[in-house]
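Participant: With these hints in hand, go ahead and build the complete structure from the sequences.
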Amino acid sequence: MWYVYFLQLNNGDVYVGSTNDLKRRFASHQNGQVLSTKPYLPAILKSYVAVETEEHARELEGYFKSGSGKAVALKRLVRR
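FYI, in the numbering used here the residues of the sequence shown are 1 to 80.
The set of hints was computed from the structure by calculation and includes no laboratory data. You may find that some hints are simply not true.
As the list claims (entries may be wrong) - DEER-style ranges, computed between Cβ atoms: (1) Gln-30 to Ser-68: 15 to 23 angstroms; (2) Ser-68 to Gly-32: 29 to 37 angstroms; (3) Lys-23 to Glu-52: 16 to 24 angstroms; (4) Lys-75 to Leu-45: 16 to 24 angstroms; (5) Glu-52 to Gly-12: 13 to 21 angstroms.
Claimed, not checked - Here are the simulated BS3-like pairs of lysine-lysine, each with C-alpha atoms no more than 25 angstroms apart in a straight line: (6) Lys-46 to Lys-75; (7) Lys-65 to Lys-75; (8) Lys-23 to Lys-65; (9) Lys-38 to Lys-23; (10) Lys-65 to Lys-38; (11) Lys-46 to Lys-23; (12) Lys-38 to Lys-70.
Where a beta carbon is used, it is the ideal one built from N, C-alpha and C, also for glycine.
Facilitator: Following this line, the structure appears as structure tokens:
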């Protein structure tokens, strides 16, 4: 199982990522091991989507990072 996840950062931004081990990846964010989120900790796991394959997870991650995908994610999945 693969996951596309959404983190609410302390500066108000939303980080989108994908992984096959959500607990491990979230812990690496919280421990400051991810350079792109380290300055904006603590982060809150707001939502995630589970999919079968890495390919599908990467496609969804790319979509949610695009303009229209970001709008959908903010409205339907993150809800600030």
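Participant: At the C-beta level, are Ser-68 and Gly-32 separated by a distance inside 29 to 37 angstroms?
Facilitator: 32 angstroms, holds
Participant: Are the Cα atoms of Lys-38 and Lys-70 separated by 25 angstroms or less?
Facilitator: Status holds; Cα separation ~21 angstroms.
Participant: Just to be sure I understand the hint, the distance between the Cβ atoms of Glu-52 and Gly-12 should be within 13 to 21 angstroms; is that true here?
Facilitator: 32 angstroms, violated
Participant: Just to be careful, I want the Cα atoms of Lys-65 and Lys-75 compared with a cutoff of 25 angstroms; is the pair within it?
Facilitator: Answer holds: Lys-65 to Lys-75 is near 14 angstroms, not above 25 angstroms.
Participant: So does Gln-30 sit 15 to 23 angstroms from Ser-68, Cβ to Cβ?
Facilitator: Given about 30 angstroms between the Cβ atoms, the range is violated.
Participant: Is Lys-65 within 25 angstroms of Lys-38, Cα to Cα?
Facilitator: Given that 25 angstroms is the threshold and the Cα spacing comes to 19 angstroms, the pair holds.
Participant: Would you say the C-beta atoms of Lys-23 and Glu-52 sit inside 16 to 24 angstroms of each other?
Facilitator: Distance hint for Lys-23, Glu-52 holds at roughly 19 angstroms.
Participant: Is the hinted range of 16 to 24 angstroms satisfied by the C-beta distance from Lys-75 to Leu-45?
Facilitator: 18 angstroms, holds
Participant: Verify the proposed pairing of Lys-23 with Lys-65, using a straight-line Cα cut of 25 angstroms.
Facilitator: 22 angstroms, holds
Participant: Run the distance test for Lys-38 versus Lys-23: straight-line Cα separation, threshold 25 angstroms.
Facilitator: 17 angstroms, holds
Participant: Does Lys-23 lie within 25 angstroms of Lys-46 when you go C-alpha to C-alpha?
Facilitator: Between Lys-46 and Lys-23 the Cα gap is close to 14 angstroms, so the pair holds against 25 angstroms.
Participant: Does the structure keep Lys-46 and Lys-75 at a Cα separation of 25 angstroms or less?
Facilitator: 12 angstroms, holds
In this structure, the hints that do not hold are numbers 1, 5, in rising order.
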